[in-house]
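Starting from the structure of chain U, add chains Y, E, P and X with the ligands where the hints point.
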Amino acid sequence: GGNDTPEVKDEGEEVVTIKFLHRWPQEPYNTFFEEVVSDFEADNPNIKVDMQSISNDPFKEKIKVVLGTDDAPDVFFTWPGEFTNRFIRAGKVYDLTEEMNSNGWKESYVYSQLEPFVLDEKIYGAPFRVDGKIFVYNKELFEQAGAQVPSTWDEFLTTCQKLEEANIVPIAFGNQSPWAVSHYIGTINQKIIGENIYKAYDPAVGDFSDPGFVKALEEFEKMVPYFNANANAIKHDEARNNWMAGKAAMMYVEIVEIPEIESVCTDEFRDNYGVFNFPIIEDGKGNQSYLTGYPEGFVVSGTTKHPKEAVAFLKYLTGKEVGKKEALELGYINGAKNVVEKGEIADVVYDNTQIVFEAERMVNWLDSGLHAKVCNVYLAELQKLMDGMTTPEEVMQKVQEKATEVKDEF
Amino acid sequence: MKRLKQKNYLIYMLPAIILISVFVYIPIIQNFYYSLFRMNSYTDEMVFVGLSNYKKIFADEIFYISLKNNIYYAVISIVCQVGFGTVLAILLESKLAGKLRVFFRNIYFLPSVISVTAVGLLWYFIYNPNMGMLNSLLIKMGLENFTHAWLGEPNIAIFAIIAMSQWQYVGYIMILIIVAIQKIPIELYESAQIDGANGLQKALKITIPNIKETLLVTSVITVIGSFKLFTEVYVMTSGGPYNSTQVLGTYLYNTAFMYDEMGYAAAIAVIIFVITFSVSILQIKISNSGKE
Amino acid sequence: MIVMNNKTTKTLLKTLLYLFFIVLATMVIYPLIWIIINSLKTNSELFTNSLALPKNPVWSNYIKAWKLGLSTYFLNSLLVGAVSVTATVFLGAACAYGVVRSQSKFKDIVFYMILGGLLLSPQVALISLYKIIDKIGLYNTYWAMIIPYIAFKLPFAVFLMRSYFLGFPKELEESAYIDGCSSIQTFFRIVLPISKPILASTAIMTAIFVWNEFLFALVFIEDKMKMTIPVGLSNFRDALVTDWTVMLAGIVIGSLPMIIFYLLMQKNFIKGLTAGGIKG
Amino acid sequence: MANLSLKSIKKVYANGFEAVKDFTMEIEDKEFIVLVGPSGCGKTTTLRMIAGLEEITSGELYIGDNLVNDVAPKNRDIAMVFQNYALYPHMTVYDNMAFGLKLKKIPKDEIDKKVKNAAKILEIDNLLNRKPKVLSGGQRQRVALGRAIVRNPKVFLMDEPLSNLDAKLRVQMRTEIAKLHKRLNTTFIYVTHDQTEAMTMGSRIVIMKDGVIQQIDKPQNAYDNPVNVFVAGFIGSPQMNFLEGKVEKNNDIRIKVSEKVILSLPEEKQNILNENGYVGKDVIIGIRPSHIKEAKENCDNSYSVFESTVEVKELMGAETYIYTTINDRQIIAKFKANTEVDFGDTAKFMVKGSKLHIFDKETELTIF
Amino acid sequence: MANLSLKSIKKVYANGFEAVKDFTMEIEDKEFIVLVGPSGCGKTTTLRMIAGLEEITSGELYIGDNLVNDVAPKNRDIAMVFQNYALYPHMTVYDNMAFGLKLKKIPKDEIDKKVKNAAKILEIDNLLNRKPKVLSGGQRQRVALGRAIVRNPKVFLMDEPLSNLDAKLRVQMRTEIAKLHKRLNTTFIYVTHDQTEAMTMGSRIVIMKDGVIQQIDKPQNAYDNPVNVFVAGFIGSPQMNFLEGKVEKNNDIRIKVSEKVILSLPEEKQNILNENGYVGKDVIIGIRPSHIKEAKENCDNSYSVFESTVEVKELMGAETYIYTTINDRQIIAKFKANTEVDFGDTAKFMVKGSKLHIFDKETELTIF
Ligand SMILES: Nc1ncnc2c1ncn2[C@@H]1O[C@H](COP(=O)(O)OP(=O)(O)OP(=O)(O)O)[C@@H](O)[C@H]1O
Ligand SMILES: Nc1ncnc2c1ncn2[C@@H]1O[C@H](COP(=O)(O)OP(=O)(O)OP(=O)(O)O)[C@@H](O)[C@H]1O
Ligand SMILES: [Mg+2]
Ligand SMILES: [Mg+2]
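Protein chains in written order, with my numbering: chain U, 1 to 410; chain Y, 411 to 702; chain E, 703 to 982; chain P, 983 to 1350; chain X, 1351 to 1718.
In case anyone wonders, no lab produced these hints; they're calculated from the structure.
The structure presented is a predicted model; accordingly, all values stated were derived computationally and were not measured.
One thing to keep in mind: the hints can contain errors.
Unchecked claim - One-sided and incomplete, this derived list gives chain X residues near chain P with beta-carbon spacing under 8 angstroms:
(1) E1378
(2) P1503
(3) A1517
(4) L1519
(5) M1549
(6) S1640
(7) L1665
(8) M1666
To be verified - Quick list of simulated restraints, FRET-style, between CB atoms:
(9) P:E1010 - E:T711: 53 to 59 angstroms
(10) P:L1151 - E:K872: 22 to 28 angstroms
(11) X:K1483 - P:I1254: 47 to 53 angstroms
(12) X:R1679 - P:L1151: 48 to 54 angstroms
(13) X:K1529 - P:N1048: 52 to 58 angstroms
(14) Y:K465 - U:N101: 44 to 50 angstroms
(15) P:D1264 - E:Q887: 55 to 61 angstroms
What the hints assert, rightly or not - In silico SDA-like links for lysine to any residue, alpha-carbon gap of 20 angstroms or less:
(16) X:K1452 - E:F889
(17) E:K833 - U:D70
(18) E:K712 - Y:G606
(19) P:K1161 - X:I1676
(20) Y:K509 - P:E1037
(21) X:K1529 - P:K1115
(22) X:K1663 - P:M1073
(23) Y:K622 - P:K1115
(24) Y:K505 - P:E1037
(25) U:K62 - E:I834
(26) X:K1532 - P:A1149
(27) P:K1295 - X:L1519
(28) P:K1161 - X:A1697
(29) P:K1086 - Y:Y599
(30) Y:K612 - P:M1073
(31) X:K1483 - E:R891
(32) X:K1702 - P:A1300
All C-beta atoms in this analysis are idealised placements derived from N, C-alpha and C, irrespective of residue type, glycine included.
If we strip away everything but chain U, and leave its shape as in the complex, we get:
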């Protein structure tokens, strides 16, 4: 790579260039990063940050390509969990444990948000944006149908039924990219099965034999009729637009979508929607107060030539100062403690972030938690299940087959 050619500044200090890769090429995020970078550069005259970005979908593929080159970015975005773990296993991620443990860096984060970056007791990354999955609902439509905000699974199904009877589409759902369905299943799995899911999700174990997996799908099947038509043919954001247009009553969204909803919706609508947590499943074995959703974060490349500078940048990027700017400008909350006070940002965002911070533990997104190959089969089968083309047993059988195959290659 040509970027690390040392330049000599007036003071005689060597200027180091580090490459930085994120996944927000669109505005206003890109400008935000540009400002962050220039602030950092101003504070650290010996470091130059070469910033690049790739948007969400291609990022998943491109990051692998990029890490294969000799020119891998020194600091890059990633989703914790299996998505990152494979890079860790391949030595592509720098071990931050030592740095984290000194100067109280580790302690500056809300631990539930840092924990996802831990593998085998070593810390590999830092959270940049916290996230979790919640339901949003249209108060007016609920009123129309005389429906209540549900807190249990059975209530939830009743609510759906009522809405349906009032000729209102109960749930907006866009599952053309099937990561959307994985969020439902991930949540239901956790709530029904409990700790066993971690055994299943670990590619080295890959044991999906717990009957809860089938049970979870059976429960899921119960809600399928309440989705809008053609869920497999529309995109998540399209569904969200429909929901915002009053074409459906509820939607399962990520907390990070809230700022987006806020920014485009009318004032009228802003007062007209509320949020609630995924209903608890009463006979489920899982801890019902866990929350689905993992933070997103950044890591340092395992092959970086400038670990010191890269770590410094990472620390700044995920730290409190940037966190505040991030919260104010983008409405995103990072994993650092006490970044903003209530009132500084929109209440919905603040409140919902508190839900995350208060959750006992985060449950990783199913799609980034699972090994890619297993995930692919799982998601495809889930789409099929929604179309009634397969049964829960068959789905899990296929998943198990793939998981076994992956385990054997491990």
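Here is chains Y, E, P and X with the ligands on its own, set in the frame of chain U:
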């Protein structure tokens, strides 16, 4: 002096030869080699697995779905692009078409100059089940029963994509055929007219036999193109729903860059190569035997 | 009587034919018009009724699309397109000329190599190509697109131009030799200028390919500032935030140059194809 | 039966160009009509109107007794041979010849008979299974003729059928077509821009210029008695020499071309000039090269003699062409093969007065 | 200065085909040499070797005193005019002519002078700004000549420069090239397959067949005294008639072609046959069409007379060709224009014995 000239001609060919060798042939040969390994894109680690990638392919459900989709695509494209394209070309070149033929020709060709990404996005909108053009039109015409979630229904989605390609490429093939038709001396038609041939007979007995070669070439272009298929699917469905629109190109891409199985992807590449190569050889054979 | 019938059938046939042409043209054009109409709407207008005309044309969609990076993609596409098309046409012409004029047996090998190159699909080479590009340090540079584009379009260019040069009057070159040209001078001052139509056809074919190429651009470029339109457009469609109408505007902007380029060149295009043709 | 009648036929092309103007002619059954004229004079257009390939703008065309203006080509009972033969390249010779018959749904064995018969006449029976592209020019020509013959048409139309052949073959095919006409005994209409072909083949020739018929006549008549300067210049090779001169009356009426070249005339021709009031006027004189000879020592006074410098001498074997210039006009004379004059010499030429053609200078029409 | 010397020149193509075999000839300065022969005989190959466009396989080529076998075309001081003119279509007439001079880096004003001068000679000074494609065939031809002239070459090479022109223009350009040669006073080497061009233009002609020179001679000599059957048949139009006959001796030595056709000979020729032992042997007889005439009532016995049926009669204006068949061979006779014999008649022909050409049947070489 003569000898010097010979060398000169080599110089003319050299840049092209080097570029093609290095960036087309070497990768392809290397690809054969890779197909014998298990490897991923982000490490240099390679595990020799012999032919097991191939063994796996032949037991792989998605591979067969992909292959089937490619074959659908090829067959339909031949019928629509070459078949209908020929009809269109003949009609446009017929006397009846008059002066507006250039206008129509350009219109029909237009979609093929637009990028597949743009066309894909465009058709994504057309097929959108809620506000898409197709369903909107169907509803307007009172054909509500015919509305579909075009890209969301597994038994329809691939055909929806294929339909889009036909829309895009009929004009392209048509142009190639028009060019061939224009090379047929007009006297042949006049002679046939005196011999008593009507329009249809002229098309069948004069035009078609005289553009046989072009028809073969365009068929091969179409078939090879069918197996090169990637962007259309990637942009429209990425292979979904549940792999029902997967084709070899996207499957290869997915295995390589999403499932981290570069070796397996290389093996798929080899199979694409074998298929396209055999089709082409077949064509050369056929056209050669036609020349005798 | 017969006269009447003859003429009426002709008119009838002509009317039917035109009807068919117009229906077909509508099928081709309507989506394009649809996209233009909807690119001038707001998102909610689009979702309420995509067939209606925009109430107030939202021209800002175009400005937004342009500012959102399309301007960069656009310039990148122009740059990559110009360089690859020029190089392909030029190197292709040289190679085709060499193949046609050379007397050595070597030229047959070259020709078969070219033919072979025509058959190979880019995906097959993708993985190794990616490694090669990376090894020689082209990854994430314009060259990572330009060079593979040239390499993969050359066979077609050579193929197209070869059949043209086969019919190129050798006397013109000999005349130039006698006039005192060297071989290279002959090529530049006589052969190339005369071959304009076929060069134009090749240029159009190559330009269409380059302007629209997706796979290589997707894999070999990582820097947003170096992306070309196809990848850029698909980038617009980020998972969570999609401004649909702006994207439509982007599609329109991204497609216009090729449409204009084609319409400007179409006469030469057909002429060149007729002179060269795609036959072996 | 297969007489043709063309009445005031006119062709105006879509772009407004009037290619044929008021073409009127009666063609008898079994005639060999040659349409001849310089490029662009409307020959092909006329032929194509007869064939039905081009619409007739106005006028009437009868084949036999039927008005065929609006009859489709296939129903006109004609056959056409094109300049480039227009053989179907994808069919064998046999199929080329059988194509029209097949379209007419004639029984297979009958087709076979007809094709083989025609092939025998043209001596191409051994080529029936070949494709056109492996045939030589002459063979293709024959196949094209064969394809016309099998249709057994009332009228044979040919558009410069020989111009793609080389000189030797052209001469050979010329006589073959002439023989074929004798043998088939049908009406032939033949288009050429080569006056030699017209002269040697036609039973009558139609000389056209700018879409207008100049003369319809037997070949030798057109040669001997051209109606105007154009026909006189067009028919005959080498071309007729033209000079300008003034009709002067001293004792005799003579024509003075220059001080040195004064042409005398026989008495009856002098009278014609006199009676028509040409004395003192300028006229155009036409002399065929074969009528300008090398002057013998003493020739009688039916000849006029003059001297001029030889500019080019062309040996033709049996004779020699001598080129010279009189009043800035190039003149060709036909001398004997063994003449001794050479390039640069001053040669003596003689012209017989009775062989002179005289044209009105204004109208360019023939006086005698 | 610009004399050429070709010594045992030979050309073997890459595929092993021997196109020119042992071509040896001395060409004087300012000669007009015409290479003539049927298609494929190696004329073009020879010319291209002289131009330097084709390698000489063996032998030596001198231009002036220099061995030029390995000299590049541009350095040979030659100019070449191609059959299809090979004008650069993207350049104006002026640029076409100036191109070679520009490459030589000659000053602009000098180029201008040369080009304008050449254009004036050829009367194309008004065309200088046009592109070739808007020119007529004859104009293109002139431009091609002009492009050659400006180079001021020692040797002018021309490969069938007239064969793309129509008959009339061909005749006209023929004389223009002849005049040009006189005017430029350089060596011309001219290739054609048309014997008329060869006869009329060449100061000497080289008749080739299958890569071998048959005869190098002045045109009229080649016509009058061909060295063999091939040359005799090739030179002259219409072609010489050939018959086979047996030399018989009764009182006189005569040649019997058939019962009805017996040809008598003058005494000295009889002696030649006798002395060379041809009596009783078969020979080939050649008679030019112009030597077969319509028999007059009483002609002296230097003529042989015979009768035959007229098959085709071709009017040529100044004369008439009569076609007939003797011993299955087609014979052409030149009758007067006003002959009364017609198709189907039995005509009387006469041949003068002194005009007969006799060839050995085995070797096909001329006996006399
Ligand atoms: N389709 C057409 N539209 C307009 N003008 C035409 C068309 N076809 C021919 N002409 C013009 O009509 C005139 C007569 O053309 P035609 O082909 O009959 O000439 P011709 O006598 O056959 O000449 P040639 O000897 O060159 O074949 C020409 O001036 C030609 O340019
Ligand atoms: N490049 C070549 N390779 C092999 N054979 C050739 C080549 N060029 C010409 N010949 C052969 O050499 C012979 C002489 O060719 P050349 O062109 O000299 O004939 P030509 O006398 O000019 O005939 P034409 O009158 O047809 O132009 C021909 O039989 C031809 O087929
Ligand atoms: Mg014509
Ligand atoms: Mg030649």
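Check your understanding: Holds or violated: are the alpha carbons of K1663 of chain X and M1073 of chain P at most 20 angstroms from each other?
Key -> violated, 37 angstroms
Check your understanding: Okay, E1010 of chain P versus T711 of chain E on CB: inside 53 to 59 angstroms?
Key -> violated, 36 angstroms
Check your understanding: Holds or violated: K1161 of chain P with I1676 of chain X, Cα cutoff 20 angstroms?
Key -> holds, 17 angstroms
Review point. K612 of chain Y and M1073 of chain P: Cα distance at most 20 angstroms?
Key: holds, 14 angstroms
Practice item. Hold the hint about L1519 of chain X up to the distance rule: shortest CB distance to chain P must be less than 8 angstroms. Key: Result: violated, 11 angstroms to nearest chain P Cβ.
Exercise for review: With respect to the beta-carbon atoms only, verify the hint that L1151 of chain P and K872 of chain E lie 22 to 28 angstroms apart.
Suggested key: Given about 26 angstroms between the Cβ atoms, the range holds.
**Study point:** Supplied distance hint 55 to 61 angstroms, evaluated on CB atoms of D1264 of chain P and Q887 of chain E
**Key:** holds, 58 angstroms
Point to revise | Per-residue hint verdict: E1378 of chain X, partner chain P, C-beta under 8 angstroms | key: violated, 17 angstroms
Exercise for review: Verify the proposed pairing of K509 of chain Y with E1037 of chain P, using a straight-line Cα cut of 20 angstroms.
Suggested key: holds, 18 angstroms
Point to revise | K1295 of chain P paired with L1519 of chain X [C-alpha distance capped at 20 angstroms] | key: holds, 18 angstroms
Review point. Going straight from one Cα to the other, do K1452 of chain X and F889 of chain E come out at no more than 20 angstroms?
Key: holds, 17 angstroms
**Study point:** When the least beta-carbon distance from M1666 of chain X to chain P is tested against 8 angstroms, hint result
**Key:** The hint holds - M1666 of chain X has a Cβ within 8 angstroms of chain P, the shortest such distance being about 6 angstroms.
Checked against the numbered hints above, the structure breaks hints 1, 2, 4, 9, 12, 21, 22 and 26 and satisfies the rest.
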